[in-house]
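Asker: Chain residues, written in single-letter form:
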Amino acid sequence: MDSKWAEENLQTIRTLMERSAVYRRALAPIMLCAGTVGIIAAAAGLVFQLNSIHAFCELWLGAAALAITGAFLIARRQALKHQECFWTPPTRRVAQALAPALTGGASMSVLYLTGTNDGTFAALLACLWILFYGCAIHAAGFFMARGIKLFAWIMIAGGSGCFVFLVLNQGNWNLSGHWLMGVFFGGFHLAYGGYLYLTEKGIPST
Amino acid sequence: MNPEAFLQLDRVIHEKGRLAIMSMLAATPELSFTELRDALSMTDGNLTTHIRALQHEGYIAVAKSFHQKRPLTKCSLTPSGRKAFTQYIDVLEKIVRQNKPQ
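Chains as they are written, first to last, in the working numbering: chain D, 1 to 206; chain U, 1 to 102.
Note that these hints are calculated values from the structure, not bench results. C-beta: ideal position from N, C-alpha, C; glycine also. Misleading hints may appear alongside valid ones.
Straight line, CA to CA, 25 angstroms or less: simulated SDA-like cross-link-like pairs of lysine to any residue [to be verified]:
| hint | chain 1 | residue 1 | chain 2 | residue 2 |
| --- | --- | --- | --- | --- |
| 1 | U | LYS94 | D | THR15 |
| 2 | D | LYS81 | D | TYR195 |
| 3 | U | LYS16 | D | GLN11 |
| 4 | D | LYS149 | U | THR34 |
Output of the computed footprint for chain D on chain U, the stretches with three or more beta carbons under 8 angstroms from beta carbons of chain D [to be verified]:
| hint | segment |
| --- | --- |
| 5 | 14–25 |
| 6 | 92–98 |
Excised from the complex, chain U in its bound form:
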């Protein structure tokens, strides 16, 4: 089996929690922190850490505002995040194709 494909996998997205966040955001314009936390059953701290890592890579954008006098954090995928996510899926599909019996 060709290990090159595995080396092409984006390590930032490859982590389980971050991959879940990217997947959720890829299908929708934006999600609030609470929506992500509830949908993925993550703790606040865990989700914050993953969001920071993705934000640091420029994969997601975080917008902070107030709704009814309470803080509201919205996350969305950036164009580079979408591109990285698409490439990640392409690599996964390549791995699957390579290992399918002829």
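Next comes chain D alone, as it looks inside the complex:
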């Protein structure tokens, strides 16, 4: 036997402990918060007819900032409640996993904001955001609650499907960006949050 084996064992222990720590973080309130923000933003966009690409971007980037702030505060509250440090190595890993795809999505918004102001492109941007968000969640899924990867795949498949549909039906885009965002960011977050809320506290076992 050599010490490499001992080092590998220690690394495995560290990884399992980190995974376990993140695994227990309650995602239900975070998902419900994000879903509520998504529904309110979609309703605001539709009611106030925020259809230009600039208004669309401003509304949804604002909603994203609000949802991220809410998620941050909820996670911090949980950490304080359990007398844990907030910025733990597992939390850092989740943030690092989320960052590349979210940066990609955000850079799409910059391209749109500096380019056309044609509102019909809002739905296309919504599809790209959903796709990038799905990729981000999938990357972080390894450290998070069960079912999150399926949730991510629904986002990826939905975003890609709607994007292909819009591109194939050029000039005949009846899909509203706000509706898409409302369904994917609002509805799906609420549905997943509800599922977690009902199952997170006690999972039936054998």
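Once you've looked at the hints, dock chain U against the given chain D.
Answerer: Showing chain U alone in chain D's frame:
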């Protein structure tokens, strides 16, 4: 190399599956049977056997209850289990230190 350190390793914890269970439980107050099974990709039978072995040693506590009319098994580390796990890690670290080039 000094083989004494290897002899100090707790044989109950040293097994791969049991070590994984102990590691998961060391970082959290409690985990359900299903959470452990899903996180470690173990079969029900395999996990049950390991849990029994750890419970027999007094390293983990198992609480059975019902949730929505379905059985719910929760596992947690006992104080002696935590102590044994800490000692196990100390021995591993000792082995690594002993073999590090000066």
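Asker: The structure should be examined with respect to each hint, and the outcome stated for every one.
Answerer: Okay, the hints, checked on the actual structure:
1. A C-alpha spacing of about 20 angstroms is found between LYS94(U) and THR15(D), which places the hinted pair at or below 25 angstroms, so the restraint holds.
2. For the suggested pair LYS81(D) and TYR195(D), the alpha carbons sit about 23 angstroms apart, so the restraint of at most 25 angstroms is met.
3. A hinted pair counts as satisfied when its Cα atoms are at most 25 angstroms apart, and LYS16(U) with GLN11(D) qualifies at roughly 13 angstroms.
4. About 18 angstroms separates the Cα atoms of LYS149(D) and THR34(U), which keeps this hinted pair within 25 angstroms; it holds.
5. Look at the segment 14–25 of chain U against chain D: 5 of its residues bring a Cβ nearer than 8 angstroms to a Cβ of that chain, three or more, so the hint holds.
6. With 5 residues having a beta carbon nearer than 8 angstroms to a beta carbon of chain D, the segment 92–98 of chain U meets the requirement of three or more and the stated coverage holds.
Going through the hint list in order, the structure satisfies each hint without exception.
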